[in-house]
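Mind assembling these two chains? They're in different frames, but the hints should get you there.
Chain by chain, the residues:
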Amino acid sequence: MSATAQSPTLAPDPGTEAGAFAVLAVAAGDELYGFPLSSVREILVPPPVTEVPRAPAQVLGVISVRGRIITLVDLPTVLNLDAMIAPHGRVLLVDNGSELIGVAVDRVLQVYRIEQDQIEYTSAVDAELSDYVVGLGRVPAGNADADEHLLILLDPVALLGGS
Amino acid sequence: MSDPRDNVQQEFLAEAQELVEALSRDLLVLDEAHQRNDPTDAGLINEIFRSVHTLKGIAGMFGYKHVGSVAHALEDVLDDLRLGRTFVSQELLDVLFDSVEGFQRLLALDDPQSPEEEPAVQAYIAAVRGIGSEPEEEEGDPLERYAIEPAVLSVLTEYEEHRLRACIREGLKPYRLRAEFDLAAIDDSIETLRGVAQDDAEIITYLPSMEGGNEDTIELVVLLASRVSELELKAHFEGRYGKIEAITEQTYLPTLPPRLTSIPAATNSIGPTVEEDNNLASLRSVANSVRVDIRKLDHLMNVVGELALVRSAVARIVDSFKGEMKYRQSVIDLDRIGRGFERQLAELRTGILDVRMVPLGQVFSKLARIVRQAAREHDKQVRLVVTGASTEVDKLIVEELTDPLMHLVRNAIDHGIEPMTTREHAGKPGQGTLALNAYHKGSNVVIEVEDDGAGMNAHSLRKAALARGLVTPEAARELSRQEMLDLVFLPGLSTRSEITDMSGRGVGMDVVKTNILRMGGMTSIASEKGIGTKITITLPITLATIRALMVNVASRTFAMPVTAVREAIPYDGDHVRTVQGREVISLRGETLAVCDLASHFGFRTSNHGRGRFVVVGSMGDRSLGFIVDELCGQEDVIIKALGKSLSSVRGFAGAAVLGDQQCALVLDAPALFTEYFAGREALEAMEVRP
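Here the protein sequences line up with chains W and E, keeping their order.
Note that the first sequence covers residues 520 to 682 in my numbering.
Note that the second sequence covers residues 2 to 691 in my numbering.
Take these hints with a grain of salt, some might be off.
Stated by the list, open to error - Ranges between beta-carbon positions, derived for each pair:
id, chain 1, residue 1, chain 2, residue 2, range
1, E, Q123, W, E639, 52 to 60 Å
2, W, G586, E, A15, 25 to 33 Å
3, W, V630, E, T537, 41 to 49 Å
4, E, I318, W, I562, 47 to 55 Å
5, W, G586, E, P420, 51 to 59 Å
6, W, A576, E, R482, 37 to 45 Å
7, W, I562, E, A15, 33 to 41 Å
8, W, L600, E, G470, 52 to 60 Å
9, E, T537, W, A576, 33 to 41 Å
10, E, V577, W, A576, 30 to 38 Å
11, W, A576, E, V512, 23 to 31 Å
12, E, S648, W, I562, 39 to 47 Å
13, E, I318, W, A576, 37 to 45 Å
What the hints assert, rightly or not - Negatives, chain E to chain W, calculated, CB over 12 Å:
id, residue
14, V96
15, I126
16, H237
17, A347
18, A375
19, K641
Claimed, not checked - Incomplete in silico selection of chain W near chain E, CB under 10 Å:
id, residue
20, I589
21, N615
22, Q629
23, V630
It is worth saying that the hints were derived from the structure and are not from the lab.
C-beta atoms are modelled at their ideal positions from N, C-alpha and C, and glycine is treated no differently.
The following block holds chain E by itself, in its conformation from the complex (with noise of 0.2 Å):
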């Protein structure tokens, strides 16, 4: 398919890419700690440090040179963190985050040497080598408070000395835990330990005794620091692992023997045979995923989508044999066949569309570091709330909406949430609330980036609308509140900076309209003055393949994804009634507008009387009906883009082929919504700057 030295490249670019995001997370995660003054995780800072040392490593194998020399001046200044030897503080989290940025860059360059990067990369290292506070002077070594043998420190490795160390320092007592272990499965054993540990105490180190232990076992001698009493550790360890004891002036670790006092300080391990299994463990780990390319995916998608057709074809014919009776159990058998060979058909394609599944969460963590620098762009209090990081939508979609998301929430930092003062002049916590919300509903998916800030001024959009001509003053006159600031969606109204400020919104919302739409989802708003905007997009889960409906439109075939579709019933030209200038029926007794779609479209037709149907659409909680003349049941297609030649067509996502080299025009009912409802000055202005 392609050469295969960019095959490499792109697997080292996404393996980059995977790095830089865990960093930029753990970052996340270190910042909030140090902001609410919680003691430094030193398990986070060691996941950092390996972030940078494994993006060190693997940017020296593919040659980009900036990425290693920055990575290598991170790598310095986390070691000097993960040993005490500087601290966190705000303007190493500062030169830490810019890394990330800075990474990005650098992994997006054509040229990964490149010399014009030179003096940016050195100037950035320059500012890691300037970092490094000087630790806090030290009274008195903690570690001679307890009677550590000389032997053991001896063989604690930098790392574990100054964790032992900052963990007396900050009141942990050290124990020591002697407990037996299955030589065979000694490495599930100790992270079992370590699990069980995790909370009341950390583990320092685990030597072998050369007392106990036989063939199979071997004794460890676990070193480790609690801040739980000696009776609450016993009640935890002892029977399960062994007897545990804490070290006082008067105990004494057993007397190492000499040939263990020759490994080399800076292994952790028993011996050099499981160090070997921990590598291979982690190895396997890590072959246990792959990484695909998503357009093979769409490949096996049309596989399946061609399978779909032969079956269909398949059952056309079984179904030409259903007279005969000399054919009858050959056709009971065929069916039995046929309807099992359709339920696998489901099953890969579902197995495949779950594999294009990711979660929300990766966009989330993008826009958290977002939200972080413009907060204090803006010197703004801003605590971000996530709920559904784990709602997962195809990947196509998670990188569609990363641009969107990320201008919302640069809005609602930059003109929603006020500055501390004048929201408690307002009566509002100083700290402001920005939330990303994310949940399935039904086969959508619906975000939502909400904030508590200033909210809009609807009458401010209307005036503003008017002063550019982007509305009539009639039309003007006769907007709901609603349709007022559905406004800030035009384009040409938020693009100017005196609007920004009175309408207390940024630029571009047009743009992640658009956007949206392209992906099949619709965007609406919700704001009140002083309590804040809610902007909500509704998305579907998938873009490979969806369940539509299809439908006749004077003879024309169109298809209708079922997700916009609530039902279908008869339509009675006799009872339209004209509200408006807009068709209406009843429904039930609520008032639905209709759009006939022969006439929407332009097509003569000279059916207007009965046997049609009105398809009702719904989207968010508003309703349409669109009018057809038949409807031909529910088929799973596969929707193909038009080409670009047709991207300023509206109304259609794209076409569905039906076999026989025949299509169908997939109807982009989120479109023909707004287009409906936005009326037909909104669309005229639209069409002028697409």
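If we strip away everything but chain W, and leave its shape as in the complex, we get (with noise of 0.2 Å):
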């Protein structure tokens, strides 16, 4: 159950053709992201939520899965957006490199496979958000309202302070 040593980036995934990714959508506030589905451990129905006084501004608190005590964070706080998570969303346990960290999202959509020349590299986002992100993704949507969604990639290393 230790953090693999597998490094969670957005390299292509072995499993996929040379040259995509797999990533799994989930929604948070108003924005779609997509986490490298090699950093995605778990999905979890959320689990009672212990509130650390003093800790930082985007720690929700501690959750126990299974014995282990998982530190939780809020999305859009990390990101510095101003938007509030359902509380009967999901948590996915995302590994940053050096601890699994719990991140409270509201809904998960799907995993999809990117092909590298999908992403957007640019810095269209945010100067300050730029560090965490890793590009643009387009993925079909798949109804009627647009033809497809945008994709915030992010670096789980970077968003969450592994090493």
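Following this line, the structure appears as structure tokens:
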């Protein structure tokens, strides 16, 4: 159950054809985000949260997952956005390179395979975010409202303070 | 769980580590004897030789080439030593001590065959080979003074012959003892004989005589050397073992039959069967203990925790049937079984904890080496006094303690204990004393590092803290002497060399304090100028599970280790006074500072009135009352560390899993104490440089 040696980055997923990434798309606040699938260990129904006094603002508290104590963070606060996560969303257990971090999100959409050439590596987003954001990925939306979704692809190591 | 090859490798490293530690311990004893000019203890040299020999053997098997070659070179010089071809000298001891460090470095290498290490290893081997003082000239062979049968002399091994010669030279007289032994228990009997002889005599060898004995017994001729008189020896051995007589020019050992002289001189045994038994015995003793990965014990501890949860769930169900008459008998039975279960569970828990316990002596012997080394570096005379080396603490704590203690010991010698001349001018004994004391105090372990050196100047510490801007001038004026001394633990104060000289202390006291705090311990300091300094470390005995008082603060549950709790009393808001900005109450005529946990943690709460409690915590000689809303009873909890992402958050030792996915934060009483008493400035200073 320890954090694996495999480094969770947006490297091509060995399970896919060369150049494609497997990404887990989630909804948090008003945006859609993509976590590299290789970094996501588990998706949980939110367990009871124990608040930690004097913890940094993005820390919602700690949760107990089968006897392990895991820090739970609020994605919008980490990204410095003003949005609320629904209390009955989901919690992702994400490997940040040194420990598992719980990330509260509203909804989990699906896994997408994104081709290298579908990723925009421009810093079209907020400059402050650019440290955490790898790029923007376009994925087919599959509904009538829009042709495609824009996923903000996150770097879990930079985002969640791993090493 | 992991690659079996890795496991084997780990086994090797653990065993090698143990051998190197044994080597280090024995060398210290040898060094001490040498400093006192005591005669060299032959048994000890043998012990050292065996450690190195075994190390060489296993290093070869696991491809630790460099370790093997160093051990090989050492083995040669140790062999010379035990055969009297060379003698213990300062130079030799230095080389031997270097080897301890050398082995540890070589064992830590990722690549045990690394060619980069080759020059260093060769240089060391050359240094070892360079040693070898010429043995003293002998004035005639002492063996010739005694009429020992040539047939006996010819079967003595080189080592035995050397010992006999050395004993005679030291004025011991050779004796021979004829005794009959039961064949079946011969090893034990000889061990007993060795034990009896130990103080009075040294057993050189034993050989079977062909006289006496029958199918089940054998008569041995034991050749021994003794410094006590024949009469005393007789009193000791005769009757119990057999006849003893002094070897003079008139007496001869019985002629040995030719069959025996053909036994190779190198074996020290009566016959092949006996030797086999010997080996079996040593294998058995090894098999009596096992090495266990501490993670396996952690896992067992988790299982015990889960069992406790199951037990309380069952108890709850039993409780719900209590009112109903028709289940009365079953409820009583279940209750009884439940209590039995709980007892066994407690025993299981104690058993597992017990396995994790190791004596502090493990760390102390490492420190003894540091003391010797540091004293030589600084050309100071230091006597190390250790008490309580058998005090047991959790293995994890022992591991974590090594670095902080090493630091404290170095500091005490570098900066505490003065050079000999300075000490003599001050009317102190020229040799400084460094004491390491360990003892249990309640469920804590206390470790003291005490020196009789120069001590610290509290006022220079304050001046330094002011100069660095670590305290405000106003705060500095109000500091008590103790608070001034405590400044030494602030980061940034003790890292500058000019402060070091002024304060008489070295770098990194803040690091020591932080490391101890991380284990849930506390560091305190006492120092008198000119008299000495004492650093006291108070630690919990184990980290795995603790008994905790569950408290409620603003509707949140916290666990407070009972070790830190003295008592809990009802809180009366009307009797709170304010002294120097701190809230205090009176408790049996004494003033007790109180800290409202809700406001300390920044919880919004409407409960300021009655019905609350003060949990009085004590740490060392300080007390502090924590105001809580509710007491929820005691529970045994397993503390889990908070993740790295929360390492900057102070005041919590971890979290305890309560079952049903709930968890409670465990209050870190020592940290809260420190935080409260150190005041704002200190806290902020700590947060700048974690």
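Hint check:
1. Q123(E) <-> E639(W): 52 to 60 Å: holds, 59 Å
2. G586(W) <-> A15(E): 25 to 33 Å: Because 28 Å falls inside the window, the suggested range holds.
3. V630(W) <-> T537(E): 41 to 49 Å: violated, 57 Å
4. I318(E) <-> I562(W): 47 to 55 Å: violated, 33 Å
5. G586(W) <-> P420(E): 51 to 59 Å: holds, 55 Å
6. A576(W) <-> R482(E): 37 to 45 Å: Given range 37 to 45 Å: holds, Cβ gap about 40 Å.
7. I562(W) <-> A15(E): 33 to 41 Å: holds, 40 Å
8. L600(W) <-> G470(E): 52 to 60 Å: violated, 37 Å
9. T537(E) <-> A576(W): 33 to 41 Å: The hint (33 to 41 Å, Cβ to Cβ) holds, given that T537(E) and A576(W) are roughly 38 Å apart.
10. V577(E) <-> A576(W): 30 to 38 Å: holds, 32 Å
11. A576(W) <-> V512(E): 23 to 31 Å: 28 Å Cβ-Cβ, so the 23 to 31 Å window holds.
12. S648(E) <-> I562(W): 39 to 47 Å: With a Cβ separation near 26 Å, S648(E) and I562(W) fall outside 39 to 47 Å, so the hint is violated.
13. I318(E) <-> A576(W): 37 to 45 Å: holds, 42 Å
14. V96: About 41 Å separates V96(E) from the closest Cβ of chain W, which puts it past 12 Å; holds.
15. I126: holds, 38 Å
16. H237: holds, 62 Å
17. A347: holds, 20 Å
18. A375: holds, 34 Å
19. K641: Label violated. Min Cβ-Cβ 4 Å, cutoff 12 Å.
20. I589: Where the cut-off is 10 Å and the nearest Cβ of chain E is about 7 Å from I589(W), the hint holds.
21. N615: holds, 8 Å
22. Q629: violated, 27 Å
23. V630: Because about 26 Å separates V630(W) from the closest Cβ in chain E, which is outside the 10 Å limit, the hint is violated.
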